[in-house]
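Number of protein chains: 4
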Amino acid sequence: MSDSAYAWFEREQQNRGIDVTQVKERLNALKIETPSWGYADQGTRFRTFKRADAARTVREKLEDAAAVHRFTGACPDVAIHIPWDHADDFGKLAADAKSLGIGIGAVNPNLFQDDEYMLGSVTNADPAVRARAVEHLLACVDIARATGSKALSLWFADGTNYPGQGDFRQRKAWMEESLRTMYAALDADMRMLIEYKFFEPGFYHTDLADWGMAYNLAQKLGPKAEVLVDTGHHPQGTNIEHIVAYLLDEGRLGGFHFNARKYADDDLIVGSANPYELFLIFAQIALAERDANPIVRRTAERIAYMIDQSHNIEAKIPAMIRSVMNVQTQYAKALLVDWNAVAEAQRAGDVLEAEAAVREAFEQNVTPLLQAVREEAGLPADPMAAYKQSGYAERIWNARSAAVAPL
Amino acid sequence: MSDSAYAWFEREQQNRGIDVTQVKERLNALKIETPSWGYADQGTRFRTFKRADAARTVREKLEDAAAVHRFTGACPDVAIHIPWDHADDFGKLAADAKSLGIGIGAVNPNLFQDDEYMLGSVTNADPAVRARAVEHLLACVDIARATGSKALSLWFADGTNYPGQGDFRQRKAWMEESLRTMYAALDADMRMLIEYKFFEPGFYHTDLADWGMAYNLAQKLGPKAEVLVDTGHHPQGTNIEHIVAYLLDEGRLGGFHFNARKYADDDLIVGSANPYELFLIFAQIALAERDANPIVRRTAERIAYMIDQSHNIEAKIPAMIRSVMNVQTQYAKALLVDWNAVAEAQRAGDVLEAEAAVREAFEQNVTPLLQAVREEAGLPADPMAAYKQSGYAERIWNARSAAVAPL
Amino acid sequence: MSDSAYAWFEREQQNRGIDVTQVKERLNALKIETPSWGYADQGTRFRTFKRADAARTVREKLEDAAAVHRFTGACPDVAIHIPWDHADDFGKLAADAKSLGIGIGAVNPNLFQDDEYMLGSVTNADPAVRARAVEHLLACVDIARATGSKALSLWFADGTNYPGQGDFRQRKAWMEESLRTMYAALDADMRMLIEYKFFEPGFYHTDLADWGMAYNLAQKLGPKAEVLVDTGHHPQGTNIEHIVAYLLDEGRLGGFHFNARKYADDDLIVGSANPYELFLIFAQIALAERDANPIVRRTAERIAYMIDQSHNIEAKIPAMIRSVMNVQTQYAKALLVDWNAVAEAQRAGDVLEAEAAVREAFEQNVTPLLQAVREEAGLPADPMAAYKQSGYAERIWNARSAAVAPL
Amino acid sequence: MSDSAYAWFEREQQNRGIDVTQVKERLNALKIETPSWGYADQGTRFRTFKRADAARTVREKLEDAAAVHRFTGACPDVAIHIPWDHADDFGKLAADAKSLGIGIGAVNPNLFQDDEYMLGSVTNADPAVRARAVEHLLACVDIARATGSKALSLWFADGTNYPGQGDFRQRKAWMEESLRTMYAALDADMRMLIEYKFFEPGFYHTDLADWGMAYNLAQKLGPKAEVLVDTGHHPQGTNIEHIVAYLLDEGRLGGFHFNARKYADDDLIVGSANPYELFLIFAQIALAERDANPIVRRTAERIAYMIDQSHNIEAKIPAMIRSVMNVQTQYAKALLVDWNAVAEAQRAGDVLEAEAAVREAFEQNVTPLLQAVREEAGLPADPMAAYKQSGYAERIWNARSAAVAPL
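Chains as they are written, first to last, in the UniProt record's numbering: chain G, 1 to 407; chain S, 1 to 407; chain Z, 1 to 407; chain Y, 1 to 407.
Extracted from the complex, chain G is given alone in its bound form (with noise of 0.2 Å):
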């Protein structure tokens, strides 16, 4: 596309009333965590096929981080999982990632992956078990510290398989209190996200199964404890923008994790099964941004987006940039809809003129615009053809086919 495309674009815009110096503000606003995990190999429980590239060091995630921010503008932070991304001194690795132009994200405590959390973490019924994983929460709390992160994002993998495996209730009163112990670690400035996920790893309950057990949970502990919405954790159907809204307007929506379902939590490349419900979503949040309610408006500028996806069978880096760019694209979508149209319109009660102002948002081709806001801001135009043509990708390659991995 050219600059007319754009021009042509901008002047389309005006006639629809959008003001789109603020769109590009917004747009630039917007900022996007990668996750450290999503650079490595992943799989499904049937096989995890090994690719070459993966990056398979805490070093190497960064670099491939740190290329993503290079390409997109738009990811400056990355999420770091521990243990995964043990480091032994992580004051120093958070001056290695800004030595790589990026920063520590969100630290997620992994509390699913040692053998003595088979039947649960938090909520096990072994006392000593328990007091491992708050152990481990705080620990993670101190690496953020460390690290400079202010995020703390938690996902459980706590529930059972079983009827009668579990006791409802106690562990919820157990996963309550240990998550007030590590509240009560927090600095002002941090805050706590906690994830729910309708099911998997726990095929019969998940302790934090809705948003409603995070939400109640959140408010139980603090003004520092926010839900996080990861967008394959839902039931099939979930009205998830419906959800979005109703955190908002309670203040608590603290972050998303985004990836994209068509059956379960299938963790692919955000945006890809459903556009216009990513669409929707961002609908809320342009729509919140704009409320006259201060702490609705807060919370939506304050909202951490992070990718949480699996990629299976897709090279890694480019999987991410272009997940980055689906965001970006329904997020300026969202950022074109005529809010006095359709408010006007659900006035009205005409029920299709308020869906169609919505939708013809959505019909806007966005290329011409996300191209001019890159390009304003010194970035690539097309990240991925400039991903391709850097030669990151083969660099890598041949870097991590030697035989012997870095350690």
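A portion of the hints provided could be inaccurate.
As the list claims (entries may be wrong) - Cβ-Cβ distance ranges computed for the label pairs, FRET-style:
1) Lys50/Z x Gly43/G: 55 to 63 Å
2) Gln219/Z x Glu135/Y: 26 to 34 Å
3) Trp84/Z x Asp126/S: 32 to 40 Å
4) Asn15/Z x Leu138/G: 56 to 64 Å
5) Lys50/Z x Asn340/G: 30 to 38 Å
6) Lys220/S x Ala393/Y: 50 to 58 Å
Unchecked claim - The calculated DSS-like cross-link candidates involving lysine-lysine, where the alpha carbons are at most 25 Å apart (straight line), are:
7) Lys31/G x Lys98/G
8) Lys220/S x Lys220/G
9) Lys50/G x Lys50/Y
10) Lys50/Z x Lys50/S
11) Lys224/S x Lys220/G
12) Lys220/Z x Lys224/Y
13) Lys220/S x Lys224/G
14) Lys220/Y x Lys224/Z
15) Lys220/Z x Lys220/Y
To be verified - Partial pick of chain Z residues on the chain Y-facing surface, computed with a CB cut under 7 Å:
16) Ala125
17) Phe168
18) Asn239
19) His242
20) Leu280
21) Arg347
22) Ala357
Please keep in mind that the hints were generated in silico from the structure rather than gathered at the bench. We put the beta carbon where it would ideally sit given N, CA and C, even for glycine.
Fit chains S, Z and Y to the known structure of chain G by using the hints.
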């Protein structure tokens, strides 16, 4: 089955360490409200098939409800739907019911059958419609007072069919505002049961879509507001017994609308699609009834059990009797769980034993037990057989087949 | 949008290697049948809200269908439902339609609204009911002959609500037997479109529950029997475009009932819940239209596209126009897929490029294209705006608001 | 339970008109294959927890399978997975199994764990990969011949994650082509069981996604090809017993992979999530076993019952014993259905009686019956208790805890 069947059952349970006397007491205490509308013709969107024996007037509905109570001894109250069960004098309605041997149960305001509610009732964008809806809610509080009912059962059809049709957060505020007004009008001993529903008749969003939204609203309103769980109002796969345990733990489980489903809100006879699910729900209740925490215990004991089904193709009174028997069956089984064995297996991390301990109770044949309980209470051992022999079915068929319906 | 918008679009697509002339031809060839019942009042099981402008007679339905064709140029035929659209003289009905500028499309036998069909029609355990059902099917063949219709569209509400209610295999035999009789009565140029449905109004089983059962039946009956895909009749998560491709490959895809759903068979405006899904369905069709195999190609070209929705809260004619435009939009996008790029990426095993090649087409804004196509055909560029300006809506509102409905 | 428990049970069933002798014969005839892989460590994508007592070699798997057969008397064959159970001499493997008292059941080719199968096996776009996959299929036919196995059980992980990634119809042709080659290599007395799966590991489409695709393929291949139903491979809400009845009616039901699920393909212990569903499946089989049509009858009698589960947190051998007992329990209940009562109620259109007749069988406690059947066959009345007392668990725990795994 014979006396010896029960004798054998009792010995068997004693060997399992079950206090059969206590089980019987609990079974005797189980009361299930039947709905007036369950005695009238109901249908799908494709067709409401007409049955000659369906109740056509409030009086006939009361008579049928009384018949169900006569044969089961378990259904002393009948829920009413306003304005379907409108009476010029609700005190007289209650007296009529009393003379038939039953009382008036929950009052259900109907806010979905007037044309003005097409786009919502308490969440309608038109303030005049919202005002009328609130007025109806307040009128229903008066009706509860006049009939001696202590429960207002609230289901809202409010929702939207298309993105953009309504403003989620604005509607949320209107919902809360409307219910606050209603809450303020409740007597000290009344309670408000807030129902939620995943979808239908809203096919894009429902204003109270899940237990979390109903619970959060109840929390805001105050102690007289509780959550009502309709067993057919969840996404596929939802672990309903987990939600039940959660709400019991929070002291906010107000009641049930019982019915069965395989797909959507199918409103079939409770316990017919997946009996084990109903058992597992009752297992959580039975466990809560034994809890050390008095709030949990009292919440469990105060649960309002109500049937809410759509008998599209079945004879209505036998369908209701069958429903009551199904509920009794699963509650009886739940009372046979050896919780000590469950707890011990949980402590030991023995998943298979824990599951086996729960399932063992489900595998019991409780027919002799239920027959004994009924006979000891002076009721027919087999309510269905007794109903069939009573001649009631033939009487109403003949009487109601008359060309002109009574007013 | 202006001429320059289209000029820019055309250049853009030519750069992508798309033959725009051919795209326009295809778009011109797309014809979508509208259903007579979509112009009348429809509702949910809770309520059928009455609209003053709804069509009340067969004549009014034909007029409304003709209006939709006038503004869109894409809906030359109207499907009829028997007995809803009963006429004493069906030849005259066809002549009436012709005088309004439209023809009679598929004939839809109705076997679910008589009380005798409560427990099934062609699968009823009572041979007399089955005989009557078959008689109605044969009468509909005669009606097709009388009206010049070449398609019989068969949806059966047959199913059960409870285990044991019916014998699956016996009912399967009755279904086959009934349709064999009907098949034998078809003229050489008629076709029988067999619809399947996951559930509702049967809430335990549906006799033709999925495409496999409909397909197998069609295989047994012969070449005039084909499968009809209703986009709302599948379990959650179903990959409908896969089924479409499969049936195309077998030469058995007869037609579509278009509508949208988020939950169950919601019957919303097609393309409103998940536009990408509709695009992907059309992508399979567009691909089949280019296939080397003439059977696949001819099957794709003969598909009967039909709208089948329930306009519970919308103005019916605008809802229909919107539906037609949504279908045109997604078909247009599907025609913009660069299949060479897709095939090349598939050969190379480049998952990301293959996906990008498909999605790129979806991201195009096809509004200028569709406007150009319409204007070149002498139609209004914006059918909805033209309808609103035409005064038709006001005319029918006034005429039909009259207290007494015409006969 | 005591002898008197059985005596009471028998009298009770005779009063219901059940031929208990025949029921016992059927129960004795029920044989269930266990899978070699079910004795080894298995996990979710998050973690495969290691158990010291898991089988690590083919020999250990055979030993464990033999142990399960020893205690249950119902599992004479063990299914093998190639290459997981590779042997240099498969004749010797069969002899080893025989010496342990068991035989080799279905041979399961594995086409999903080599890196070259990342984008598919028999449907891979690369002809060299397809050729290698077919070669493996043919090798498995040879293995079947060498081990005396008569069944090849085919599950393909083939599918895609994104729209555009693969060409549905081309892949369909490749699938068919590959299986035709394999089919031609089958001996006259071998059969090919074709499994289907809704999703996973393909998260956009699965090449054999449902019973219809598997069935149609089997039809094309010939009489030695049949459909295998895995109880966890369907969309939510699917009426599996309907599919079972359908395939029985067409003479194409080859076998089952038994497991339980609440959400996706959870692979839990069969019968643990929804015991009633398993009962209803067996009810269809029991009904088919009595059918007038010899094809239906013979199909039912030849069903290959196989367990296919993932014991992520359970001790494997007890999990298998429990699974076998669950299957026996539900089959036993299914054999207690009074089909005359069901048929009579169906004829009379008495929905409630028909359902009651089916459910009455489910409500029976069949523990005394199963204990009697086992004791009469010289087996332990309670296989689980017998296993626990046998010391086998302790022996393998100690032996396999040794640091170095045997080769």
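- Task: Could you check the structure against the hints above and give me the numbers of any it violates, in ascending order?
- Result: none
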